[in-house]
Amino acid sequence: MKCLSVKLPGLDLKNPVMPASGCFGFGKEFAGLYDLSQLGAIMIKATTLEPRFGNPTPRVAETAAGMLNAIGLQNPGLEQVLAEELPWLEKFDVPIIANVAGTETEDYAEVAERISKAPNVKALELNISCPNVKKGGITFGTVPEIAAELTKRVKEVSTVPVYVKLSPNISDIVGMAKAVEQAGADGITMINTLLGMRIDIKTGKPILANRSGGLSGPAVKPVAIRMIYEVSQQVNIPIIGMGGIESADDIIEYFYAGASAVAVGTMNFTDPFICPKLIEQLPSKLDELGAAHISELTGRSWKKYEPNTNHCS
Amino acid sequence: MKCLSVKLPGLDLKNPVMPASGCFGFGKEFAGLYDLSQLGAIMIKATTLEPRFGNPTPRVAETAAGMLNAIGLQNPGLEQVLAEELPWLEKFDVPIIANVAGTETEDYAEVAERISKAPNVKALELNISCPNVKKGGITFGTVPEIAAELTKRVKEVSTVPVYVKLSPNISDIVGMAKAVEQAGADGITMINTLLGMRIDIKTGKPILANRSGGLSGPAVKPVAIRMIYEVSQQVNIPIIGMGGIESADDIIEYFYAGASAVAVGTMNFTDPFICPKLIEQLPSKLDELGAAHISELTGRSWKKYEPNTNHCS
Amino acid sequence: MILQEQMRILAHRNIAKDIFEMTLQGNITKEIKGPGQFVHIRTSAGLDPLLRRPISIASVDTDESCFTVIYRAEGKGTKLLSEKKPDDTADVLGPLGNGFPADAAAAGETALLVGGGIGVPPLYELSKRLNEKGVRVKHVLGFERAEKVFYSEQFSLLGETHVATVDGSFGTKGFVTDTIDRENMEFDQLYACGPIPMLKALEERFHGRRGYLSLEQRMGCGIGACFACVCHTADGAEGRGYIKVCTDGPVFPIGKVVLA
Amino acid sequence: MILQEQMRILAHRNIAKDIFEMTLQGNITKEIKGPGQFVHIRTSAGLDPLLRRPISIASVDTDESCFTVIYRAEGKGTKLLSEKKPDDTADVLGPLGNGFPADAAAAGETALLVGGGIGVPPLYELSKRLNEKGVRVKHVLGFERAEKVFYSEQFSLLGETHVATVDGSFGTKGFVTDTIDRENMEFDQLYACGPIPMLKALEERFHGRRGYLSLEQRMGCGIGACFACVCHTADGAEGRGYIKVCTDGPVFPIGKVVLA
Ligand SMILES: Cc1cc2nc3c(=O)[nH]c(=O)nc-3n(C[C@H](O)[C@H](O)[C@H](O)COP(=O)(O)OP(=O)(O)OC[C@H]3O[C@@H](n4cnc5c(N)ncnc54)[C@H](O)[C@@H]3O)c2cc1C
Ligand SMILES: Cc1cc2nc3c(=O)[nH]c(=O)nc-3n(C[C@H](O)[C@H](O)[C@H](O)COP(=O)(O)OP(=O)(O)OC[C@H]3O[C@@H](n4cnc5c(N)ncnc54)[C@H](O)[C@@H]3O)c2cc1C
Ligand SMILES: Cc1cc2nc3c(=O)[nH]c(=O)nc-3n(C[C@H](O)[C@H](O)[C@H](O)COP(=O)(O)O)c2cc1C
Ligand SMILES: Cc1cc2nc3c(=O)[nH]c(=O)nc-3n(C[C@H](O)[C@H](O)[C@H](O)COP(=O)(O)O)c2cc1C
Ligand code: FES
Ligand code: FES
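Residue numbers (our numbering), protein chains in the order written: chain A, 29 to 341; chain B, 29 to 341; chain C, 22 to 281; chain D, 22 to 281.
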């Protein structure tokens, strides 16, 4: 399906649809359901230097048209990801985007340097924004200077392009995007989860053992669309958009807003076959829209736009 | 129903349930549906110094379990609100919370000073956070120093207690809350809407004429709960909580999180009778929970809490 | 008086491509004042979709205390609504707004009713009432194409009826205004409901004539509280000159409202 | 193999207060390996509620290629599910997880099956299989109160059955462990499913004995991808010693998993 192929820094995608990090593990489980080579790419679960068990349970809670998670970056650690997870994925014809996380600049750097050398890792996704571990993390994602610092450092050591994943828990998303672009980011992925909480009426306590968690799913889509709409007009690097995608129309909406590719997260849980389904539906959608190639749709919604940041219901 | 009465600065509430600003106009329409004296209070539509027509239409768009609005503070202006809307509301035994908006400190101050003198206005709600007009507004809501400035000024001139309405479009909500508390705010109302956007697949353009708008409804509830949970532990002034409330359980959840009263916004559109319905359901809810009085529930979820702000999925 | 009611669905059928006719029974019927008023229907008991859907009242049967609506199942909400079965209930708020003043046309006069697509339904009850009053009624109904046409026979029973389709697959080819021009149709009183471009075209032709237009606007509350559905009035000075489609309308004298 | 399927609802009935028994027909049945496996059911075609609900397989009828689940309609999703009617379809993902190893008990041996509340259902299919194998089966079933009791007769047909209710309104008063102690029940092999406090009490008494416990955890994916459902293993060193309830379980040898 030539109409779906997308070229991004480091990434030669058959199609612009990929599972979002943390919603697809390292692919093994879904490989039992369908051929992973159908996917545009795979964003693997965040990898840290050391293995992590993550947060106590419950780690998920349902919300209106969404969910909260506080997994806490559970992962087997860099060594095992390099020794087992990534080699196992080599049997599929699909580029891997490695989601890199840490608590200090130097562990980000070490993970980035070593994981970027794995043959099937075509790009890194710098996770400066996940809201669910006790140390580090979120501050990187909310202070442009610190995010820029980290991006610079990781760019120095990575042998593949670096995409920075932005947190929506911030007033000036455009400022953050520009900061990481200037620091050398090759692309942006957005959005990570919104901080949220649910309290159990029966116990009177937060449902999540971690108390607060990250809100994802269809509920957050309008937040992501607005941020991508603004950021895509202010930076010159491509955006992989995510947040609540559940239909081919949603994918079109993301492209119109300014995304060059998309990732599907939470909806993999509700419908584990959603990625191949959406990929299959896209070509006929393009016909309906009279578009020869999906990349034509990127940013279509901008025309006659005056920035819209200082406005008050 | 003594178990529901709540005392807050300037406010002597029969019950803690009130319609949120902008979702109830100035009460006239709902007065045709039920007796407004049943309500704990009424938060009237934002009032500005001059009349405002607001934004072009479409001004609303539906989202998953929520909606976007970009009304643009349409209101008849201070003179008419003082001359007609407020006097008309005097026939009801219900305190009015006047939502005050503007573009510069001085028009906020003038509206605040004069509207606070209206006999049935028992408190002001300082709208520093609405995301839908072209000038001013949002910056007040995202920069603690500016918000504090404005709060100070309004406190100088207001003859009734001042509640400051916080925007969720910010990284450090606790910092903002502390800033307005130190500036003299008597209470906090939160949250206002999250910035969001929807794009029409058919036209390829944003559905809202204003392009972006404010996200409200059940979709945003987890964001509000988390912010109230954190803020209520860091300030000593009461919080009126709002964001997606649609059931008596939601109200309990808000109290557990740290709210002392609640406001219902968007759901008034889906069910115009929701406020009296929820007020009626609360007493039996309290029985179920074995609570003698609703105020006992405020902040019940905190026990054994270590602040949770710098954490990363 | 506006009621919220779980109305009983007496009948529900698909009468054209994506077009459904639903008959609802309940107390709201008693409150209906006239043709052109609408109801606000909740399409799901859950939270998605969240907002009600405004749908015009197409005909009223006071004896059976029921009324009929005709709607297009296109988006999320109306598609859900179309899955309801007879004897299910629907959560309805209404009646809302001010309809077409049938009294604006006197016995013996001629009324021209112009409808486009899903703007056609409210004209049906209007036509019946005008007939009862002895007003001569002519209809011009516009649809996208043949498979979308509905109620052409019903209207024919009430008066001269012309159907136009954009692709000519039914009736004459073109827009309703083409038909009106070609047939140069005479009338004393105009009533119209349909998409903005159609209403604009009519306003240009018949500005200054006696006429009423029914507008559409995205709505929140439907009862006048949220300011979602406002339009400027032609005489409007900033901030003052506006109307709310949901409560001041949806029907307005021709020329009163700025059609944006 | 795991399938996602629109399964046909053959039967659906309310068998105790808030407790429903639903029989589902489709290809997933063929894939079921044993008792204690579960399915993940989508309770609404819409976006709210968003997540699937894990429900154990209570009995299997391979000839009719259908299986039965028993669930409590308590929250948003299960209440919606309970509104489905026979001949409606349900979106089911499964079979998931590893069930109770019936082979762990040999013919002639005695198996003690202990269930609490909505932990009772998976024990029914297990008991049938054990009976087929010639294992002597005893059941101790705990419920909140009389109106919540279900399947006590069905279990009685399969072996000695004791029912305990917290308030004594049915069977003996107290918890399942009280019954086990009072009757000092002997067994070679233990199988249990129910709330954590019950499982903990059993673990204390019978640590070191041959036994299997079925755990509950809040789930996201249900297939091992999201790390929502992990528990530490007893021997677990940070970051390594963990299991996923959805794929490694939900059934584990007694003592293997830290019951938190
Ligand atoms: C006064 C009035 C009377 C109407 N009468 C009829 C009628 O008799 N028959 C009929 O088929 N349609 C009628 N409409 C249009 C009808 O309300 C919309 O087609 C319907 O709301 C679309 O909902 P959806 O679930 O199909 O689309 P969705 O895309 O799911 O709708 C999303 C949101 O946009 C709003 N929306 C989308 N299109 C429109 C529109 N054209 N007008 C207003 N809101 C819209 C919806 O109400 C909802 O809030 C009327 C509209 C108004 C304002
Ligand atoms: C492996 C396994 C097997 C199960 N088998 C059965 C069974 O046979 N019969 C039965 O009645 N129940 C069973 N349960 C429990 C059942 O999954 C929950 O009762 C159900 O998910 C609650 O959904 P709700 O819509 O009623 O509640 P809601 O409050 O609407 O649920 C909200 C969210 O919390 C989750 N949740 C709430 N309670 C539980 C719980 N106890 N365990 C796991 N997730 C929960 C839901 O899945 C959902 O994601 C099983 C659970 C697991 C993990
Ligand atoms: C259970 C879960 C785990 C996640 N783990 C990660 C992670 O490890 N790293 C990361 O960058 N994002 C993580 N995310 C965020 C998603 O990648 C995605 O940005 C977000 O969920 C929005 O997309 P969605 O609404 O489609 O889920 C996780 C999300 C969920 C729901
Ligand atoms: C249509 C609409 C108009 C609003 N207008 C105002 C306003 O004028 N002033 C204000 O402070 N908040 C306004 N709000 C925000 C609400 O008062 C409330 O803070 C927000 O909607 C969250 O509550 P909800 O989810 O219950 O609607 C408006 C919200 C909506 C939906
Ligand atoms: S729809 Fe709310 S004012 Fe008209
Ligand atoms: S529920 Fe996702 S890993 Fe078990």
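Just to be clear, a hint being listed does not mean it is correct.
Stated by the list, open to error - Some but not every residue of chain A turned toward chain D, in silico, with C-beta under 10 Å:
#: 1; residue: Phe54
#: 2; residue: Gly232
#: 3; residue: Ile265
#: 4; residue: Glu308
Said to hold, decoys possible - If you want the footprint, here are the derived chain A segments under chain D, 3+ residues with CB under 8 Å:
#: 5; stretch: 55-64
#: 6; stretch: 144-155
#: 7; stretch: 183-190
#: 8; stretch: 298-304
Please keep in mind that the hints were generated in silico from the structure rather than gathered at the bench. Backbone N, C-alpha and C define an ideal beta-carbon position, used for all residues, glycine too.
- prompt: So which of those numbered hints doesn't the model satisfy?
  reply: 2, 3, 4, 6, 7
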